[in-house]
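**Q** Given the coordinates of chain A, assemble chain B onto it according to the supplied hints.
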Amino acid sequence: DQQVKQNSPSLSVQEGRISILNCDYTNSMFDYFLWYKKYPAEGPTFLISISSIKDKNEDGRFTVFLNKSAKHLSLHIVPSQPGDSAVYFCAASVTRGNTPLVFGKGTRLSVIA
Amino acid sequence: GAGVSQSPSNKVTEKGKDVELRCDPISGHTALYWYRQSLGQGLEFLIYFQGNSAPDKSGLPSDRFSAERTGGSVSTLTIQRTQQEDSAVYLCASSFLTGANQPQHFGDGTRLSIL
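As given, the protein sequences belong to chains A and B, one line each in that order. Quick note, the first sequence lines up with residues 1 to 113 if you use the working numbering. Quick note, the second sequence lines up with residues 1 to 115 if you use the working numbering.
No lab work stands behind these hints, which were simulated from the structure alone. All figures in this text were calculated on a predicted structure; none of them were measured in a lab. Mixed in with the good hints, there may be bad ones.
What the hints assert, rightly or not - 27 Å max Cα-Cα, derived BS3-like pairs, lysine-lysine: (1) A:K105 to A:K56; (2) A:K71 to A:K105; (3) A:K105 to B:K11; (4) A:K68 to A:K56; (5) A:K56 to A:K5; (6) A:K5 to B:K57; (7) B:K17 to B:K57; (8) B:K57 to A:K105; (9) A:K105 to A:K54.
Just chain A, same shape as in the assembly (with noise of 0.2 Å):
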């Protein structure tokens, strides 16, 4: 059972415009929320997180928003660049200190120049 969904294996982007990554989660338990970046043969590279208190946060190009009626957040890239093509996990995990983190299959993200 699933608890962290990302439902698009892949999304297609132009230079320039926003891209729109989305996940989805089941837990209730879960308050803090991050985004991870992953190039071919290297490990995640943390993004960007937001604690469930709050329902937006912002860092240069990327957001992320949190809806948590919807058990859903998305990430927000814009203007998106070449560069940004990766593979972006969404991570969840209940905090009060540190605790395993439960990832999403991953969402593969090409930006065409």
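**A** Leaving out everything else, chain B in the frame of chain A:
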């Protein structure tokens, strides 16, 4: 280096052999995690070390898997009598223990192939 270091980067071995994978966390990080990513799957939690507490082994898939962390720093993940389904990328991550909402930082992983 400043990041999480894992070795070897690649390991090919025959079915039935034992393997040891090593993780050197970021200095000062007291929490250490092992995950694995099988082909086409997300990252699957294996085991978690938190300071001096007993490790959380709830993610280990079988008793052929074990891990230890010596001196609160370097960790080794051991897989005994390897099977083909053990083929995956094994990823180690570390984070600060104190304070909530500390992101985990990953190494580049060990790609394990069982022939």
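**Q** Against which earlier hints does the structure fall short, listed by number upward?
**A** Hints that this structure does not satisfy do not exist here, as all of them hold.
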